[in-house]
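For the sequence shown, position 172 (counting from the first letter as 1) is numbered 319 according to my numbering, and the numbering increases by one without interruption.
For the record, the hints were derived by calculation from the structure and aren't laboratory data. As the structure is a computational prediction, the values presented were derived from the model and not from experiment. Heads up, a few of these hints could be off.
[Said to hold, decoys possible] Derived DEER-like restraints, expressed as beta-carbon distance ranges:
| # | residue 1 | residue 2 | range |
| --- | --- | --- | --- |
| 1 | A485 | L612 | 52 to 62 angstroms |
| 2 | K265 | W694 | 36 to 46 angstroms |
| 3 | M413 | D555 | 30 to 40 angstroms |
| 4 | V233 | I566 | 30 to 40 angstroms |
Backbone N, C-alpha and C fix where the C-beta goes; we use that ideal spot for every residue, glycine too.
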Amino acid sequence: MCKLGMYTTRVFSVLVAVGTVVSCHTYASDRAVIEVRGDSKAEVMWFRSGAVLFTDRGFRLTDFPAALAGEKFLRSSIDATEFDVVRGGRLIVLTPQLIPSAASQAEALEKQGFVRTKEARFQLFETREIDQVFVYEKQTTSGESYRFGKWAVVLGFEDARSARNRTRAAEGKPFFVYPADIPNTGVLFVDRQKEDHSGHGHNSIAECRNGDIIAFYSVTGTGADNWNGHGSAGWSEYRRSTDGGLTWSPPNSFEYSKRMREGTEMCSALVYSVVTAPNGTLVATVIHYKNEKWEKQRAPAYFLSKDQGQTWQGPRAFDESATVQDIAYTMDTSFVHAGEIFIVFRGGGSNMTPGGPQTLWVSSDNGESFRQRSVLPFDHASYYWAAGVLDHGEIIVYTYNAHLKKEDPAAEQNIPYTISRDGGRTWSEVRTTHFAKGIRNMQLSGKLGQWYFMQGRSGSNPRELVGDDPGPDNFVLYSSRDGIEWDEGIVLMSRLQTPGGGDCYSANEIIGKYNPATPQRLLIHSDVSYSGANTNMHQWWVTTAPWMPGPRVGATEGKDANGSHLRDRRNR
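Use the sequences and the hints to build the structure in full.
Here it is as structure tokens:
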């Protein structure tokens with residue numbers, strides 16, 4: 148079962164030997180299949196802005212003609228590219244113009260029958276004239292072999308055998324991801340770059356009882372005084388969607404958060420959890436920060452909204468006697484079960500370590516009050532959590548302790564969890580479960596059809612790579628039937644597609660829960676780097692049945708983060 152979308156017909160105008168311009172319609176069956184030789188690191192990626200072009204250089208794709216958007220390309224060594232054609236068809240090769248100091252393969256291409264198209268030269272990467280390229284094309288024949296020196300980029304093929312094919316990640320999966328051409332950077336949700344802002348974490352999504360979606364995110368600075376974009380000095384905003392996340396309202400500043408940022412009581416007060424109570428009340432939890440380095444000043448507070456997030460009442464204390472050493476922090480670990488609201492907190496004012504007790508807090512009256520129900524059996528210095536409810540009413544909480552086990556390179560793949568079978572009053576011994584591609588700052592979903600999902604960063608520490616493990620700093624998605632044993636995972640976004648790697652603080656929400664006529668989908672939001680640690684917010688959807696997003700998708704005019712209209716791509 149293929150989840151990638153349908154080829155669209157493309158038209159390329161080709162300058163042939165006699166000087167005539169012809170139009171060449173290209174279909175999936177016209178595309179060549181190649182076998183890569185002599186490059187064990189070669190891989191197939193999507194031709195999208197920001198993609199790293201070579202296995203041994205960090206150059207990122209800057210500009211390209213619209214006709215090439217969404218093609219597959221071979222990421223190989225800048226010094227040499229070798230392959231055999233195992234099924235004839237069209238191939239495209241990009242190489243610099245033939246000028247002094249340019250490492251052009253134009254002469255070699257033309258000797259082997261490649262013809263330059265009428266596409267104007269464009270800046271493939273960086274800003275130097277020697278890195279401007281022309282587009283060459285050829286209808287290749289099975290059995291042909293090619294070797295290009297420094298440098299050329301090959302694209303437009305159907306498959307590149309022997310190369311790791313990242314574009315096939317979702318094939319054979321019992322679910323569908325949109326945008327479909329993963330790994331990708333999703334659909335732009337919040338453009339912080341245009342105002343020189345950033346934000347890390349403090350992402351949370353809730354579906355209101357009326358079907359609206361409320362999504363919170365943080366707005367922070369980018370300078371050295373805000374940890375170069377990774378800090379927590381800022382305020383929270385939220386947006387509303389009335390169409391399942393296809394379009395969003397303008398931003399609304401969370402008034403208390405903005406007031407705390409502009410005042411002198413604390414550095415910042417940021418929303419890091421929002422959940423819909425059984426009666427429809429929204430409950431938003433605010434974390435209080437001492438400084439931009441994520442140190443906490445005092446215990447969290449919470450706000451209630453009884454009109455789908457139009458107005459908010461608060462702040463309210465979870466416990467008037469609780470100090471920041473008792474409860475300080477949550478990472479969107481709130482959920483509803485059996486008529487009650489649950490939130491997992493950790494105490495202690497530090498950034499990561501040392502920490503305080505990890506506790507479960509419960510409201511039985513739709514957020515009017517909370518009380519501590521139990522202490523979880525995790526090491527106090529553990530950090531990051533994901534929590535939810537399993538099929539038979541068990542509560543499961545995951546945590547992360549790899550920063551405490553630096554001598555264990557597999558620690559980010561073997562993640563601790565504990566289970567309660569009595570509503571969070573007592574807990575099992577701590578066990579671990581395996582995530583093949585690693586995971587950090589993870590988020591657990593509710594159940595979508597027969598599947599639970601967990602998304603997060605694929606760890607941060609070096610490890611031995613086995614199978615198709617891409618290593619740390621990618622944005623990965625796992626699926627599970629029981630919420631405990633997880634599949635091998637897929638890469639939603641590659642660190643090779645963003646200029647800062649993957650920080651990937653994220654949130655998710657099952658949408659369509661309250662309307663039986665609306666198919667349920669999983670909505671995922673994540674921070675995506677636009678420069679170093681500075682991030683925008685992007686989004687993805689996961690479905691269990693094919694779905695065609697509407698014509699207006701994302702934050703502006705139905706366009707994705709690369710300015711392209713979102714479209715389904717099957718058998719791509």
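For the hint 36 to 46 angstroms, verify it against the beta carbon of K265 and that of W694.
Given range 36 to 46 angstroms: holds, Cβ gap about 38 angstroms.
I want to verify a distance hint. Is the separation of the beta carbons of A485 and L612 within 52 to 62 angstroms?
Roughly 42 angstroms apart at Cβ, these two residues miss the hinted range, so it is violated.
Note whether the CB distance of V233 and I566 lies within 30 to 40 angstroms or breaks it.
violated, 50 angstroms
Confirm or reject the claim that M413 and D555 have a C-beta distance inside 30 to 40 angstroms.
Distance hint for M413, D555 holds at roughly 37 angstroms.
Checked against the numbered hints above, the structure violates hints 1, 4; every other hint is satisfied.
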